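Visitor: For the sequence shown, the working numbering begins at 1 and goes up steadily by one.
Source of the hints: derived by calculation from the structure; they are not laboratory data.
These numbers come from a predicted model, not from an experiment.
Please note: incorrect hints may appear among the correct ones.
[As the list claims (entries may be wrong)] Distance condition first, Cα-Cα at most 30 Å in a straight line; then the derived DSSO-like pairs of lysine-lysine:
#1 Lys-43 / Lys-76
#2 Lys-215 / Lys-255
#3 Lys-270 / Lys-255
#4 Lys-270 / Lys-215
#5 Lys-394 / Lys-135
#6 Lys-43 / Lys-135
#7 Lys-354 / Lys-76
#8 Lys-215 / Lys-43
#9 Lys-161 / Lys-394
[Claimed, not checked] Using C-beta positions, here's what the derived DEER-type ranges look like:
#10 Ile-100 / Ala-35: 27 to 37 Å
#11 Ala-211 / Asn-232: 46 to 56 Å
#12 Thr-254 / Thr-84: 46 to 56 Å
#13 Asn-133 / Pro-34: 33 to 43 Å
#14 Ala-407 / Asn-244: 19 to 29 Å
#15 Pro-34 / Glu-170: 26 to 36 Å
#16 Thr-93 / Gly-352: 49 to 59 Å
No residue lacks a Cβ here, since even glycine has one placed at the ideal position from N, Cα and C.
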Amino acid sequence: MKTRNMLPRTANPLVSFLLGLLLLAACKKETEEPAAPTSYPDKIVLREVQAAGDSVNLTWTQLDNSAFVSYTIQRKTADETLPTGIHQQFTPTAVSYVDITVPYVAAVSYQVVAQLNNGQSIYSNIVSYERANIKSLAIAPFDVQFQPAGRQLYFFEQSGKIYKYDLATERIVATVATSATIGYSDFAIYGGREELYVPRNDGWVFIYDAATLTKIDQLSVGSAATCVVANNGLLFVSNSAWTNRPLKVYNRATKQLVAETGDFDRTRFKRIPGSNTELLEISLYIGPTDQDYYSFSSAGVFQTHRNDTYHGDYPLDATIFEFFPNADRYITSSAGAIYRRDMTYETTLPRGNKEFTTFGFDAAAQLLYAGTRTRSVEVYTMNGYNHSRTIATKAYPFRLFKDPAAAGFICVSSVTPTAQYGPISTGITIEQVR
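All chains should be modelled from the sequences, with the hints used to inform the complete structure.
Guide: In structure tokens:
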């Protein structure tokens, strides 16, 4: 007689586990939503941005519409009133784009706009890319000056606003709205106080206390002025009196005209370092761009004028213009053109396809630093112009200043690529370059 095993039967644990997984999968399958469509006939869905280093990857759903003409990718920062179209593509299935020129700001928003052949547009949703650790300033300067003694930067907007920025506290400590179109300004000590001299389009030079940006005086120069250089109690001014000797020299104390000369009107000039007083001038508003040399006595009396012998043969740009530390040469233009002090052309820096935006010098190391439009600072030897190294920057260099206190350079950078000509259009950030 066969006997039955009377012990209780227990389920196999592995079998139970597998059955549970099957049940869960069945339930999940029933509750899963269908995959999101990859195209629509009447709308565009812009997906969340994907960051990849300094770039942003954008993808969106296809517009499946026979009236399709193009997609335009629009970008906007918080400081911009309207978005900017940064790219356009004309294939309806081309639904991705990599932005390699992301502004160096805390937040950027994107939107894709489809244009139809009936004149209508279809707008996607707006998505944002945020980087809270980035600091930027909503300032669009055409010129920046650095006062190393107090480690302060002065920003000049052509709209007439001037900002004083303290590097130690990282904040704007003074500002003034001049209510004029202003030009290239200068600083000097007068009466024991540092003054800032600002040329204006209404025929005046306004004088401000450099510490507070409080207006303390003014000087009439007859017509619209674009540049002031201060030296030895004298103010050298370029104005628009083309047929009436547009380079004027005034006594700061008496405000009296001391001398006048000049070739072209509305120019920019710089004092040759160590001189008293020699000026190197580059034109702003004539073509081809021209340059001139002037010398004056210590009392401001005109002595010598030499004209450019090239008249456009080699690159010149009054907005990018710096002397070497020993003042024997100067460098200018996006090509890095180098001239000797007597305005004789020497060479250009080896640069490939790069375009320069600013220059600075480390006299002790005998190195020349050159900012570019492609987020870098290129370093060259001062003698021989050999390329030494490349320093990557976070934004787009606009002005470089040697900073003795920080053993490097202050780099005032644009948060977006700078135009070949003209001031910054969006905003700035401040970097340290070593």
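Visitor: For a quick check of understanding: which of the numbered hints are violated here, in increasing order?
Guide: Violated hints: 6, 8, 11, 14, 15 and 16; rest satisfied.
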